[in-house]
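Residues -24 to -1, 1 to 294 in mature numbering (1 follows the signal peptide of the UniProt record, and there is no 0) are what the sequence shown spells out, letter by letter.
It is possible that some hints are incorrect.
What the hints assert, rightly or not - Below are the DSSO-like pairs computed for lysine-lysine, each with C-alpha atoms no more than 30 Å apart in a straight line: (1) K290 with K111; (2) K61 with K208; (3) K208 with K74; (4) K139 with K180; (5) K19 with K61; (6) K203 with K139; (7) K74 with K111.
Claimed, not checked - Simulated restraints on C-beta separations: (8) I15 with R264: 31 to 41 Å; (9) A276 with N92: 39 to 49 Å; (10) H148 with H199: 17 to 27 Å; (11) A276 with G30: 42 to 52 Å; (12) A179 with N92: 53 to 63 Å; (13) A276 with G65: 21 to 31 Å; (14) L3 with R145: 10 to 20 Å; (15) D188 with N92: 48 to 58 Å; (16) K208 with G5: 21 to 31 Å.
Source of the hints: derived by calculation from the structure; they are not laboratory data. For glycine and all other residues, C-beta sits at the position ideal for the given N, C-alpha and C.
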Amino acid sequence: MATQFKTKMSVIGAGSVGTALAYAAMLRGSANVVALFDINKTKVDAEVLDLAHGTQFMAGSELIGGSDITVTANSDIVLITAGAKQNPGQTRLELAEKNAHILESLMSDLVPLSPNAIFVLVTNPVDVLTAAAAKFSGLPEGRVFGSGTVLDSSRLRWLVGRKIGVSPRSVHSLIVGEHGDSEFALWSSATIGQVSLRDWRNAKGEKVFTDDVLHELEQEVIHSAYKIIEGKGATNYAIGVAGARIVEAVLNNQRAILPVSSVLQGSFGVEDVALAVPCIVGANGVERPIEFPMDDAERARFDASVQALTAAQKSIGL
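Let the hints inform the model, and build the full structure from the sequences given.
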């Protein structure tokens, strides 16, 4: 989507996720200027050159990059993808301590260079690192948030749409909680078009989404990243597009409702824990979380996700 004024986004980390994010943003015209930074000079210079060669076919973004962090200066939005990657069989939470140390150093350099920027975490475990980045940055509430379950919700909608042969754009359902093993689908409020998902019937009048089917779909979402990592080493294309979507919500002040991860301060009875819930996202970052209805089972799972993330935050001193 074309922007109406000069905007700059910086991507920290020229690995598989960072380069996919820069590529998606350039194709979509998410920002006027895309900056790619990595401490590995040889790698980042090669990635910038490769991306630059295709700019005539893209949406007009100017591309800059390199191994000098000042290339990110005066950004409107900074997306952090740098960090140790998730290995096959490794949970996202197991990455927490190592990546928190990397993040602390990064934030101390990035914030002074772009003091008015919105900072978005796209590094796993994203919820714990969002809480860490908010603490390290000292920025106002909402200026630091994570990609949360934007991708997970897209995965869910694709699976539901494929199941019944409709566009994922017509499926309205969210994954919330941890971006990880304790996340869950909000089936009680999910719809397909105007029809409750649980009431959807096929052409023969048969109910499609039984409890067993819903469980299967949810488990496929939860474990899909592990399957992709096992097969190709990393997830990158879909999170790249999801990240570009978040950029557009911020830079175009769309005030879009997206399930991003932010540090909750009282919403849902939760204090000082970051996890994904629907939030209004615009020029100031997360404007506010949106409280949503949950049935008893969903509330129990929400509380379990909060507990898991509270323990993870405490494990790294947050």
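These are the hints, each one checked on the structure:
1. Of the supplied pair hints, the one linking K290 and K111 holds, its CA atoms being roughly 13 Å apart against a limit of 30 Å.
2. A threshold of 30 Å between alpha carbons decides the hint, and for K61 with K208 the separation of about 13 Å falls inside it, so the pair holds.
3. Restraint check: the Cα-Cα separation between K208 and K74 comes to about 23 Å, which is no more than 30 Å; the hinted pair holds.
4. Between K139 and K180, the direct Cα distance comes to roughly 15 Å. Compliance with the 30 Å bound is thereby established for this hinted pair.
5. Our distance criterion of 30 Å between C-alpha atoms is met by K19 and K61, whose separation comes to about 16 Å.
6. Restraint check for K203 and K139: the C-alpha separation of about 19 Å stays at or below 30 Å, so the hint holds.
7. A C-alpha spacing of about 16 Å is found between K74 and K111, which places the hinted pair at or below 30 Å, so the restraint holds.
8. A hinted range of 31 to 41 Å for the beta carbons of I15 and R264 is consistent with their spacing of about 36 Å.
9. Against the hinted window of 39 to 49 Å, the Cβ-Cβ separation of A276 and N92 comes to about 41 Å, which satisfies the hint.
10. The hint said 17 to 27 Å for the Cβ distance between H148 and H199, and at roughly 23 Å that hint holds.
11. Here the CB-CB span from A276 to G30 is close to 48 Å, well matched to the stated 42 to 52 Å.
12. Restraint check, A179 to N92: a C-beta distance of roughly 54 Å satisfies the suggested window 53 to 63 Å.
13. With their beta carbons about 28 Å apart, A276 and G65 fall inside the hinted range of 21 to 31 Å.
14. For the hinted restraint 10 to 20 Å between L3 and R145, the CB-CB distance of approximately 19 Å keeps it satisfied.
15. Checked against the given bound of 48 to 58 Å, the beta carbons of D188 and N92, roughly 50 Å apart, stay inside it.
16. Under the hint 21 to 31 Å, the C-beta atoms of K208 and G5, about 28 Å apart, fit the expected range.
Hint compliance for this structure: no hint is broken.
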